[in-house]
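Trainee: The listed protein sequences derive, respectively, from chains A and U.
With my numbering, letter number 228 in the first sequence gets 228, and the count goes up by one each step, no holes.
With my numbering, letter number 182 in the second sequence gets 1182, and the count goes up by one each step, no holes.
The hints are simulated quantities; they were obtained by calculation from the structure and are not laboratory data.
Backbone N, C-alpha and C fix where the C-beta goes; we use that ideal spot for every residue, glycine too.
Keep in mind that a hint or two might mislead.
Quick list of in silico lysine to aspartate or glutamate cross-link-like pairs, EDC-like style, CA-CA up to 16 angstroms [to be verified]:
(1) U/K1081 / U/E1049
(2) A/K208 / U/E1101
(3) U/K1113 / A/D188
(4) U/K1028 / U/E1051
(5) U/K1216 / U/D1029
(6) U/K1146 / U/D1212
(7) A/K126 / A/D195
(8) U/K1205 / U/D1155
(9) A/K208 / U/D1075
(10) U/K1048 / U/E1163
(11) A/K208 / U/E1102
(12) U/K1216 / U/E1049
Stretch by stretch, here's where chain U covers chain A in the computed footprint (C-beta under 8 angstroms, at least three residues) [what the hints assert, rightly or not]:
(13) 185-199
(14) 210-222
Stretch-level coverage of chain U by chain A, calculated; a stretch enters the list once three of its residues show a Cβ under 8 angstroms from a Cβ in chain A [what the hints assert, rightly or not]:
(15) 1069-1076
(16) 1133-1140
(17) 1178-1189
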Amino acid sequence: MKTNDKQNSPLKSLLEKKYKSGFLGRGEKVIPILLFLMAAVSVMTTAGIVITLIVETFTFFKEISLTEFLTAKEWYPFSESAASYGILPLFVGTLKITLIASLTAVPIGLAVAIYLSEYAPETVRKLMKPVLEVLAGVPTIVYGFFALTFVTPMLRTMFPSLEMFNAISPGIVVGMMIIPMIVSLSEDALSSVPDSMRHGALALGATKWEMTWRVAFPAALSGITASIVLAISRAIGETMIVSIAGGSTPTASLDLTASLQTMTSYIVQVSTGDAGFGTTIYYSIYAVGFTLFLFTLAMNMLAQRISRRFREEY
Amino acid sequence: MALVAFKKQPDKTSKQPSVERRSVYTTKDCNLWYGNHHALKNINLDMKEREVTAIIGPSGCGKSTYIKTLNRMVDLVPNVKTSGVIEYRGRNIFNKEFHVEELRTRVGMVFQKPNPFPKSIFENIAFGLRIHGIKNKKIIHETVEKSLRQAAIWDEVKDRIHEPAYGLSGGQQQRLCIARCLALEPDVLLMDEPTSALDPVSTLKVEELIRDLKEKYSIIIVTHNMQQASRISDKTAFFLNGEVVEYDDTYTIFNNPADNRTEDYITGRFG
Ligand SMILES: Nc1ncnc2c1ncn2[C@@H]1O[C@H](COP(=O)(O)OP(=O)(O)OP(=O)(O)O)[C@@H](O)[C@H]1O
Ligand SMILES: [Mg+2]
């Protein structure tokens, strides 16, 4: 009686039909292949980019020695007679911008992230999140003009010795550009710390700040570090803002008030200029690009190491 | 219908009338609302020092709410309103002059699910000392060891004290959390179903621990386990729908309850 019931149930017969059709699980075999192909596309694209970069960089080093590239103190490619290809000035330019941007963005970004995740009332959080997303979506060229036409003049009224093109203004604005990234990723990291840990600390008589600083923040540290490094990588690679407001004077001087050139803005200058295909200048942008690539790669590896070192498992 | 297996007889030695126990917590007409939901209704309870008070009752009757009110952790829930008075050692905990940080330092809490910090075993225990400004390395080391011994977990962790607390088993983590409270030498321990996430062996260890700790501490424990309440507690409060139905010696509650609803609950006829 009971078994009869089971066999006659419409669900059972539908399932039986599916078993018999032999289709069960066939689609499953295709899925990993499809997904693998998608993964392969992105890996191959990356490989293609890296290979192009390396090949063209080699061409450059056939003409200019690696020693000159690394040790010469000047970047002066446009001179016919006395061209000099020392990466140092462009490297220093990038470093100055990155440093100012980080000094601006890290403290503000972390403060905002902590405020939003630990202190802000729900209404404020709901308001701030979309605002930050809008900020993250502003095209960098807009930031560039903001730096050149607003921040620089404002700074110049305070510090008249500041040149029209300088490191401070684009540095600060690059910092503003990466703040949303730090806030958003760090806030995610903080909010994913379980409340039970917060309660554990508060129940021991910790104040809210002690709990935040000694429990929530360390627990989120690996995510926070990752957010900072990602943001700094973006600052290193940022192009538009520094091209517009930083000038185009490669210099190894540490002066922050004078015109400078970063690796990225040099690449822009050459690619938008009229350096002919096949010239040394043309190949130099690959060498600079490759240096930039190594630079960010090193940053990311450093980040991984740091976040593994500080990881607090839970 | 037989009541819960109850081996313990009224314990003559622990009921010496000559020892006058003082109150740790006196609750007077306490009410609590979550928004419009009236979760605690006119609670009146007087809990004595160096006793284990068990709080029992069906799910949703307000046990956790009450125990979280005792150290004001319930304040963390938005839109909570309270009325009435809860005196901790004679001081109204709702009084503005009584800082929650002080209250929560004097009154430790152990949660249902073990919640160690994602730090080493050592740092978990040292945390409370550090936030209260204790920097002396020797004192910290001694207190860590003492607390772990008190919580009966020292032998299991002494060789791995600087390893992450999350490498411990659930039962060990729970005893670590108890040790974390003990490090601050609290006066009262609040425990909300501290063994409900543990296996029977760990549960027994925690129960043994509670029995040892009551020599020095006052313990208030929420439990769904009737045997546990009868095994470890001196007094039992039966909660139902946000009210205290009955509060008496555990022996009386389990053998001769005054209220039918109490009897129904502990014999498993409802709830
Ligand atoms: N944060 C909250 N917000 C709103 N209502 C709540 C909140 N916490 C608890 N309640 C309500 O208050 C009542 C008492 O809850 P409480 O958690 O104190 O029950 P409990 O006795 O501990 O139950 P359990 O045995 O299931 O843990 C329940 O009706 C619950 O839905
Ligand atoms: Mg509960």
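Trainee: Next step is simple, just say for each hint if it's right about the structure.
Mentor: To see whether the hints hold, each was checked on the structure:
| no. | hint | verdict |
| --- | --- | --- |
| 1 | U/K1081 / U/E1049 | 28 angstroms, violated |
| 2 | A/K208 / U/E1101 | 10 angstroms, holds |
| 3 | U/K1113 / A/D188 | 24 angstroms, violated |
| 4 | U/K1028 / U/E1051 | 20 angstroms, violated |
| 5 | U/K1216 / U/D1029 | 29 angstroms, violated |
| 6 | U/K1146 / U/D1212 | 14 angstroms, holds |
| 7 | A/K126 / A/D195 | 19 angstroms, violated |
| 8 | U/K1205 / U/D1155 | 13 angstroms, holds |
| 9 | A/K208 / U/D1075 | 13 angstroms, holds |
| 10 | U/K1048 / U/E1163 | 39 angstroms, violated |
| 11 | A/K208 / U/E1102 | 13 angstroms, holds |
| 12 | U/K1216 / U/E1049 | 9 angstroms, holds |
| 13 | 185-199 | holds (count 4) |
| 14 | 210-222 | holds (count 5) |
| 15 | 1069-1076 | holds (count 3) |
| 16 | 1133-1140 | violated (count 0) |
| 17 | 1178-1189 | holds (count 3) |
When held up to the earlier numbered hints, the structure conflicts with 1, 3, 4, 5, 7, 10 and 16 and fits the remainder.
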